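Peer 1: Take a look at the letters that make up each chain.
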Amino acid sequence: MSNIPQELKYTKSHEWVRMEEDGTITVGITEHAQGLLGDMVFVELPEVDESYEAEQDCAVVESVKAASDIYCPVEGEVVAVNEELEDAPEQINVNAYHEGWIFRLKPSNPDDLDNLMSAEDYTALVEAEEH
Amino acid sequence: MTQTELKTTPLFNAHQKMGAKLVEFGGWNMPIHYGSQIEEHLQVRRDAGMFDVCHMTIVDLRGCEVMDYLSRLLANDVAKISDKPGKALYSCMLNNDGGVIDDLIIYAMEPAWVRVIVNSATRVKDLAWMRTQLGSSAVDLTERDDLAMIAVQGPNARTLAADALADEIAGAELLKPFNALLINPGAANERFVARTGYTGEDGYEIVCSNEQADGVWNRLAASGVKPCGLGARDTLRLEAGMNLYGNDMDETQSPLESGLSWTVDFSNEQRHFIGREALEKQKASGLKYKFAGLILNAKGVLRAHQKVIVANEGEGELTSGTFSPTMQKAIGFARIPIAAGEQCQVQIRNKLLDARIVKLPFVRQGKILVD
Numbered sequence: 013m014s015n016i017p018q019e020l021k022y023t024k025s026h027e028w029v030r031m032e033e034d035g036t037i038t039v040g041i042t043e044h045a046q047g048l049l050g051d052m053v054f055v056e057l058p059e060v061d062e063s064y065e066a067e068q069d070c071a072v073v074e075s076v077k078a079a080s081d082i083y084c085p086v087e088g089e090v091v092a093v094n095e096e097l098e099d100a101p102e103q104i105n106v107n108a109y110h111e112g113w114i115f116r117l118k119p120s121n122p123d124d125l126d127n128l129m130s131a132e133d134y135t136a137l138v139e140a141e142e143h
Numbered sequence: 002m003t004q005t006e007l008k009t010t011p012l013f014n015a016h017q018k019m020g021a022k023l024v025e026f027g028g029w030n031m032p033i034h035y036g037s038q039i040e041e042h043l044q045v046r047r048d049a050g051m052f053d054v055c056h057m058t059i060v061d062l063r064g065c066e067v068m069d070y071l072s073r074l075l076a077n078d079v080a081k082i083s084d085k086p087g088k089a090l091y092s093c094m095l096n097n098d099g100g101v102i103d104d105l106i107i108y109a110m111e112p113a114w115v116r117v118i119v120n121s122a123t124r125v126k127d128l129a130w131m132r133t134q135l136g137s138s139a140v141d142l143t144e145r146d147d148l149a150m151i152a153v154q155g156p157n158a159r160t161l162a163a164d165a166l167a168d169e170i171a172g173a174e175l176l177k178p179f180n181a182l183l184i185n186p187g188a189a190n191e192r193f194v195a196r197t198g199y200t201g202e203d204g205y206e207i208v209c210s211n212e213q214a215d216g217v218w219n220r221l222a223a224s225g226v227k228p229c230g231l232g233a234r235d236t237l238r239l240e241a242g243m244n245l246y247g248n249d250m251d252e253t254q255s256p257l258e259s260g261l262s263w264t265v266d267f268s269n270e271q272r273h274f275i276g277r278e279a280l281e282k283q284k285a286s287g288l289k290y291k292f293a294g295l296i297l298n299a300k301g302v303l304r305a306h307q308k309v310i311v312a313n314e315g316e317g318e319l320t321s322g323t324f325s326p327t328m329q330k331a332i333g334f335a336r337i338p339i340a341a342g343e344q345c346q347v348q349i350r351n352k353l354l355d356a357r358i359v360k361l362p363f364v365r366q367g368k369i370l371v372d
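In the order they appear, the protein sequences are chains W and P.
Sequential numbering from 13 applies to the first sequence in this note's numbering.
Sequential numbering from 2 applies to the second sequence in this note's numbering.
Read the hints as simulated data drawn from the structure, not as lab findings.
Here the structure is a predicted model, which is why all the values come from computation and not from measurement.
Watch out, some of these pointers could steer you wrong.
Unchecked claim - Listed next, the in silico DSBU-like pairs over lysine-lysine satisfying Cα-Cα at most 35 Å (straight line):
| no. | chain 1 | residue 1 | chain 2 | residue 2 |
| --- | --- | --- | --- | --- |
| 1 | P | 126 | P | 88 |
| 2 | P | 291 | P | 85 |
| 3 | P | 126 | P | 289 |
| 4 | P | 81 | P | 352 |
| 5 | P | 300 | P | 352 |
| 6 | P | 18 | P | 81 |
| 7 | P | 8 | P | 18 |
| 8 | W | 24 | P | 308 |
| 9 | P | 227 | P | 289 |
| 10 | P | 22 | P | 126 |
| 11 | W | 24 | P | 300 |
| 12 | P | 291 | P | 352 |
| 13 | P | 360 | P | 81 |
| 14 | P | 227 | P | 8 |
| 15 | P | 177 | P | 352 |
| 16 | W | 24 | P | 22 |
| 17 | P | 8 | W | 24 |
| 18 | P | 300 | W | 118 |
| 19 | W | 24 | P | 352 |
| 20 | W | 118 | P | 352 |
| 21 | P | 352 | P | 126 |
| 22 | P | 8 | P | 126 |
| 23 | W | 24 | P | 18 |
| 24 | W | 24 | P | 330 |
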């Protein structure tokens, strides 16, 4: 069973979401997701200042094996992207929850965050997928 | 299809013990990697790795008319090897329209015995076609599903295999490239060892009984040969410029537009191999496409089916693509307009990215062959 930190929120498409103190959220893909994709070789980051709707594809991660869309967890505007991934996409494999973060978003409506999954619900989803 | 319905090779338990990530592959439950596909790839380029290729189909053809039969069945000319015991030949098997039914390797072991290795996904149609073409030939066709096959590949593969298997493969050290040897024929410890592979590195493909495969695998592992999955096998063959059936050619494509002209032998005008007429017509009316390597200039990954645009010449398509662990760049094979020069663009999602058209292969024996 892969690591699923309690303090984070999750989506059914395997993004994790960290609530930051300034009201923004940080987004990445879960350890489970990176394990399924394998060795990362390319990340197409979203555009800073660009707005995305909830569940809109806004970035792409590519492993040797496959390309996978990253979906925006809630509606909002991108305020920062992890440019280090452009030269070191393998950071997602090494540490999906820290160095492997992909972008930061300013949510349009903070209440939307209530729709995200808890660690417990996401654990159940992963377990169901593994069986 | 659930995991329980999938076919497993005699090495399935070994894969599980070694931590393989198993995936469905053409009806088989096969290892895609044992941790990191890129590390396994580099292991083969730098040292030695081994692959479970038991899913491949081994067929023995025996009989006094076997060479005549193959002379008609295959686009390459068996006469090149028919009097050279142990010698291997790569060929396409074509349909009457010149489309590729499969690509395969044959080993002319004796004047009346040729071993054929065909792909796993095409097994049923290959066997049906080969049987149909037998007609009244004095040739006996036997599928050897009692046999297992392990590929040991890399610059140190032959040395480590000799350490690991010693007398089991005695004599293999003298094999020249693209030659095979049968050791202890008819005995329980019979070994068929071929100096062939699908990685662009030196090495062996070792065939033994299903019962003895686990032992061979474990002895190789004990000598330091690392297990490698189908993921690394694909990136290695792509760097080595080797076609994959179903991606790079199929029944709707001609070998002449799939980078396989070198395997079609028209030299003997008396040899009426299946598909010859169709290919000669195609040549006479002019080929429209060529098959080449592509290197993406920007960051990204090339994938099969991406559109290729050649200025003033038209469009083509990627047939295979990946990220090359050796070159650290995206590479691929593409079928492109025949007059294409050195530059093209590839459509990746909503972007058009510049790519360079190069001659294959990209990498052989650990060395990068393109700038």
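Peer 1: Any of the earlier hints contradicted here, and which numbers?
Peer 2: Hints 4, 6, 9, 15, 21 not satisfied by this model.
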